[in-house]
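**Q** First to last, the protein sequences are chains A and B. Counting in my numbering, the first sequence tops out at residue 240, every number present. Counting in my numbering, the second sequence tops out at residue 1216, every number present.
Check each hint, because a few of them may be wrong.
Unchecked claim - Ranges between beta-carbon positions, derived for each pair:
id, chain 1, residue 1, chain 2, residue 2, range
1, B, G1117, A, G126, 46 to 52 Å
2, B, S1167, A, E54, 16 to 22 Å
3, A, D20, B, V1069, 26 to 32 Å
4, B, R1063, A, D166, 44 to 50 Å
5, A, L131, B, L1206, 49 to 55 Å
6, B, W1130, A, V10, 24 to 30 Å
7, A, P217, B, I1039, 21 to 27 Å
8, B, E1010, A, P88, 23 to 29 Å
9, B, S1109, A, D166, 32 to 38 Å
10, A, G39, B, G1201, 56 to 62 Å
Hint data in this document are derived by calculation from the structure and do not stem from the laboratory. From a predicted model like this one, the values you see are computed outputs, not experimental measurements. Every residue, glycine too, gets a C-beta built ideally from N, C-alpha and C.
Below, each chain spelled out in residue letters.
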Amino acid sequence: MTLLAARGLVKRFGSFTALDGVDLDLNRGERLVICGPSGSGKSTLIRCINRLEEPDAGTVVVEGIPTTDRQALRRKVGMVFQQFNLFPNLTARENIAVAPRKLLGLSRAEADARAEALLARVQLAGHADKLPSGLSGGQQQRVAIARALAMEPVLMLFDEPTSALDPEMIREVLDVMVELGQGGMSMIVVTHEMGFARRAADRIAFMDQGRIVAMAPPQQFFDAPPHPRLVRFLDNILGH
Amino acid sequence: MSFDWAAFFEYLPRLIAAAGVTLQVSLLSLALACLLAPILALAWLLGPAPLRVIVRAFIELIRGLPPLVVIAFCYFALPKLGVVLSGFWCGVLALGVVGAVYAAEIIRSAIESLGKGQFEAALALGFARWRAVLEILLPQALRRILPPLTNEFANLIKASSLLSVISVHEISQVGQSLIFETFVVIEILVQMAVLYLIIIGSVTLLSRRLERGLGA
Ligand SMILES: Nc1ncnc2c1ncn2[C@@H]1O[C@H](COP(=O)(O)OP(=O)(O)OP(=O)(O)O)[C@@H](O)[C@H]1O
Ligand SMILES: [Mg+2]
């Protein structure tokens, strides 16, 4: 059942300890939301999972993937960034098709077909030929989600996927993510969208100063916050 | 003084033959530069620290030298190191290396200016670092790279005139010796100029085409 097991992750930047011994397990099909104050290590944690950051200590095992092969790991772990990071010279279709074509050996026709199907799935059928500059932020982020899904990952990582969006576009991106979770995708989502967490998460983790200091299902997380610093954090972001 | 058309046509075939040599040296060194430049740029961008230092030092060194010195080095010093090349291949090597270091610098800075986000996105999809640079970032940087690269390649063709000092029978060498042989000066200079313009002009035109092919 366990898909991901992280043990004793430590990451330092110079003398600053960004991750201070993090353990994390994720079951197949589970949706985990991570929240916490700025600088608490949320991004660093999920970037250690697909090894965009190399941890100074600790291990990450994603089921069935040798930890020594970073490329193999990343092909099976999708990532969505705050700033979308689409390739601006490629159309929506090409953004999605380029990795399956070059890394999985799909033919152009196969990769394009996969791209079209994914565009439909993120409600962007008909936008295939547009460049990122011709899409709104919410549309770009949905293309970015489709691009990650095109590699058929077993796990999706999201790093504040709606923080760079205008408020009216947040919903369309979150809806796609909720649907993805309902479809059985294993997900780790760093976000401060507590409505999404309540609606879509199986568990919510709270990070502070490089550690996971609390973790609970949504009900308990919001109604009986298991840590004093979490109480303060929730008061702040929920504006009580 | 009048323009001597008889002399003009008498010497034209020899200069056209020389233009063939200039073209060959230029194209071969261009090809070498195109092959070496991405490798140098990749090593500079992604290599382990010691390799980066060596590559940077090499690039700065060649950029700091007049091309004539590089050519002379290849011709006079390489044989002492056991590498004996004809003047022609010496020219190809020297000009190719000079072109490569300038092109590598152009490629590197264009790629660095793209920022980290897209590089990380490519890595996250599973591209190896060098493939991310070559297959994702480079095509995107190409429009920014091509104009300065064309300049460098035009310079390369002009620099092929320096190969006269190592007796490669290219336009400048043949033109010069014809002038000293015959004292026909203006007619031969005009021929030299026209031939250089044709060669450099075609390369520039070709690259403008490419630029437009890459879209606005
Ligand atoms: N490449 C880096 N070099 C130096 N320090 C870094 C680097 N990346 C992160 N840090 C530091 O590590 C700490 C944790 O960063 P991280 O990005 O993981 O925080 P976060 O919880 O994602 O914060 P935010 O909510 O602002 O995104 C921060 O104090 C940050 O300044
Ligand atoms: Mg962050």
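**Q** Are the hints correct? Go through all of them and say.
**A** Results for each hint:
no., hint, in the structure
1, G1117(B) to G126(A): 46 to 52 Å, "violated (26 Å)"
2, S1167(B) to E54(A): 16 to 22 Å, "violated (55 Å)"
3, D20(A) to V1069(B): 26 to 32 Å, "violated (56 Å)"
4, R1063(B) to D166(A): 44 to 50 Å, "holds (46 Å)"
5, L131(A) to L1206(B): 49 to 55 Å, "violated (26 Å)"
6, W1130(B) to V10(A): 24 to 30 Å, "holds (29 Å)"
7, P217(A) to I1039(B): 21 to 27 Å, "violated (53 Å)"
8, E1010(B) to P88(A): 23 to 29 Å, "violated (57 Å)"
9, S1109(B) to D166(A): 32 to 38 Å, "holds (33 Å)"
10, G39(A) to G1201(B): 56 to 62 Å, "holds (58 Å)"
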